[in-house]
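**Q** Sequence:
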Amino acid sequence: MMRAVAFQQQGVLSLEEREKPRPGYKEILIETAAVGICGTDTHVFDGEFEGTIFPLVPGHEATGTIVELGEGVNDGVFDFHVGDKVAVNPSTTCGECEQCLNGHQNLCPKWNGLGVVASDGASQQFFTAPSTNVYKLRPETDIYEAALIEPLACAIRGWDVLPRRMGDHVLVYGAGTMGLLMAQLAHRAGAASVTIVDLNAERLKTAEECGIELRYTSADDADREKWDVVIDCTGNIRAIEDALTRVKPAGFFQDFGVAPADRTAQFSPFRIYRDEISIVGTMAVLNSFGRAVEMFEAGAINARAMISHSFTLDDYEQALEMFRRGDGRKLQIRPNDTESRVLL
27 MMRAVAFQQQ GVLSLEEREK PRPGYKEILI ETAAVGICGT DTHVFDGEFE
77 GTIFPLVPGH EATGTIVELG EGVNDGVFDF HVGDKVAVNP STTCGECEQC
127 LNGHQNLCPK WNGLGVVASD GASQQFFTAP STNVYKLRPE TDIYEAALIE
177 PLACAIRGWD VLPRRMGDHV LVYGAGTMGL LMAQLAHRAG AASVTIVDLN
227 AERLKTAEEC GIELRYTSAD DADREKWDVV IDCTGNIRAI EDALTRVKPA
277 GFFQDFGVAP ADRTAQFSPF RIYRDEISIV GTMAVLNSFG RAVEMFEAGA
327 INARAMISHS FTLDDYEQAL EMFRRGDGRK LQIRPNDTES RVLL
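Going by this note's numbering, the first residue of the sequence shown is number 27, and it counts up by one from there.
For the record, the hints were derived by calculation from the structure and aren't laboratory data. Glycine residues also receive a C-beta, built at the ideal position from the N, C-alpha and C atoms. A hint or two may mislead.
[Said to hold, decoys possible] Calculated pairs, DSS-like style, for lysine-lysine (alpha carbon to alpha carbon, straight line, at most 30 Å): (1) K136 / K46; (2) K136 / K52; (3) K252 / K231; (4) K274 / K252; (5) K111 / K46; (6) K162 / K136.
[Unchecked claim] Restraint ranges, calculated between C-beta atoms of paired labels, are given here: (7) H107 / G37: 54 to 62 Å; (8) G109 / Y299: 52 to 60 Å; (9) K231 / V38: 33 to 41 Å; (10) R191 / V38: 42 to 50 Å; (11) L370 / E42: 26 to 34 Å; (12) D301 / G109: 52 to 60 Å; (13) D246 / G121: 21 to 29 Å.
Let the hints inform the model, and build the full structure from the sequences given.
**A** Rendered as structure tokens:
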């Protein structure tokens with residue numbers, strides 16, 4: 027037997043005893059090390075994420091250790107072993123639709139995220155994942171910090187659809203997990219300067235620790251008025267509207283943060299036309315998870331500065347409430363821990 031957190035239905039959470047899962051054909055059983063809490067988890071819990079089927083075990087930013095291999099896992103190119111440290115890409119797709127066949131699997135109408143749509147995630151002591159979604163980590167890699175690999179893969183996808191020109195000046199709205207990741211990757215993408223804005227002064231302290239040199243509570247306080255690339259990682263409509271006014275002529279605006287589906291933003295279509303502003307979106311992970319493992323293990327981000335608290339399964343509800351308040355830095359669930367901890 028094992029313990030698991032389950033979203034029984036919209037707004038209803040429980041901690042329950044379950045049978046330990048067994049891996050099926052080409053599946054891997056993983057003992058969970060760490061699971062990051064993300065805004066998607068709150069959307070799922072509140073019934074706001076399209077396609078979610080309850081009951082569901084949440085948790086899609088996960089790492090762990092292999093404890094059992096299903097039949098056929100190593101029949102092809104894989105060489106997994108019990109005891110390997112791994113990170114897990116939560117996204118699965120149909121592989122047959124127009125979007126999948128044209129290389130846009132992240133836009134598959136049957137996209138399924140472990141812990142998000144129809145398959146249980148990692149907020150439990152053990153979970154299974156398809157072998158094609160499992161990535162080995164080096165033995166020396168910190169298995170808890172490595173739970174940032176999944177959001178890092180989303181950030182890499184974000185930069186894949188941006189110009190990545192040498193010498194660009196980049197402005198990021200929001201110093202939460204995704205804003206910090208996008209900002210830290212900006213120099214790797216060739217930025218001459220990186221500016222980050224957030225109303226929360228504590229988050230700006232984290233940005234400083236992560237090496238972001240220009241930090242403000244408003245873009246009005248910066249030395250520049252316009253930037254080549256402006257990225258919104260807040261999903262806040264007012265922030266998005268302000269961010270669009272900060273883009274240089276011929277510049278790029280990226281809508282990275284998740285805004286409510288029924289909200290609209292006001293902007294000047296004439297300026298988009300006259301200044302040739304490019305507006306780009308980005309959705310989840312696309313052929314970027316393996317690169318995220320490589321970048322994480324190469325030290326591209328300051329993971330240690332980003333994770334502030336860990337919680338046991340018993341304290342999952344407390345962690346979710348803390349996340350909603352915007353307290354702390356990255357919050358993690360560590361399902362096999364016996365006590366919750368303040369890490370920073």
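**Q** Each hint needs a verdict: does it hold in this structure or not?
**A** Hints and how they fare:
Proposed proximity of K136 and K46 is supported: the alpha carbons are some 27 Å apart, at most 30 Å. For a cut-off of 30 Å, the pair hint linking K136 to K52 stands: about 20 Å separates their Cα positions. At roughly 24 Å between alpha-carbon atoms, K252 and K231 fall within 30 Å of each other, so this suggested pair holds. For the given pair, K274 sits about 5 Å from K252 by alpha-carbon distance, which is consistent with the 30 Å threshold.
With a C-alpha separation of about 19 Å, the suggested pairing of K111 with K46 holds against the 30 Å cut-off. Straight-line distance between C-alpha atoms of K162 and K136 comes to about 26 Å, which keeps the hinted pair within the 30 Å bound. At roughly 41 Å, the beta carbons of H107 and G37 sit outside the given window of 54 to 62 Å. The given range of 52 to 60 Å is respected by G109 and Y299, whose C-beta atoms sit roughly 58 Å from each other.
At roughly 36 Å, the beta carbons of K231 and V38 sit within the given window of 33 to 41 Å. As the Cβ distance of R191 to V38 is approximately 48 Å, the hint placing it in 42 to 50 Å holds. Look at L370 against E42: about 31 Å separates their beta carbons, and that is inside 26 to 34 Å. Between D301 and G109 the beta carbon distance is about 55 Å. The supplied range of 52 to 60 Å therefore holds.
In this structure, D246 and G121 break the distance hint of 21 to 29 Å, their C-beta atoms being roughly 48 Å apart.
Of the hints listed earlier, those the structure fails to meet are numbers 7 and 13, in rising order.
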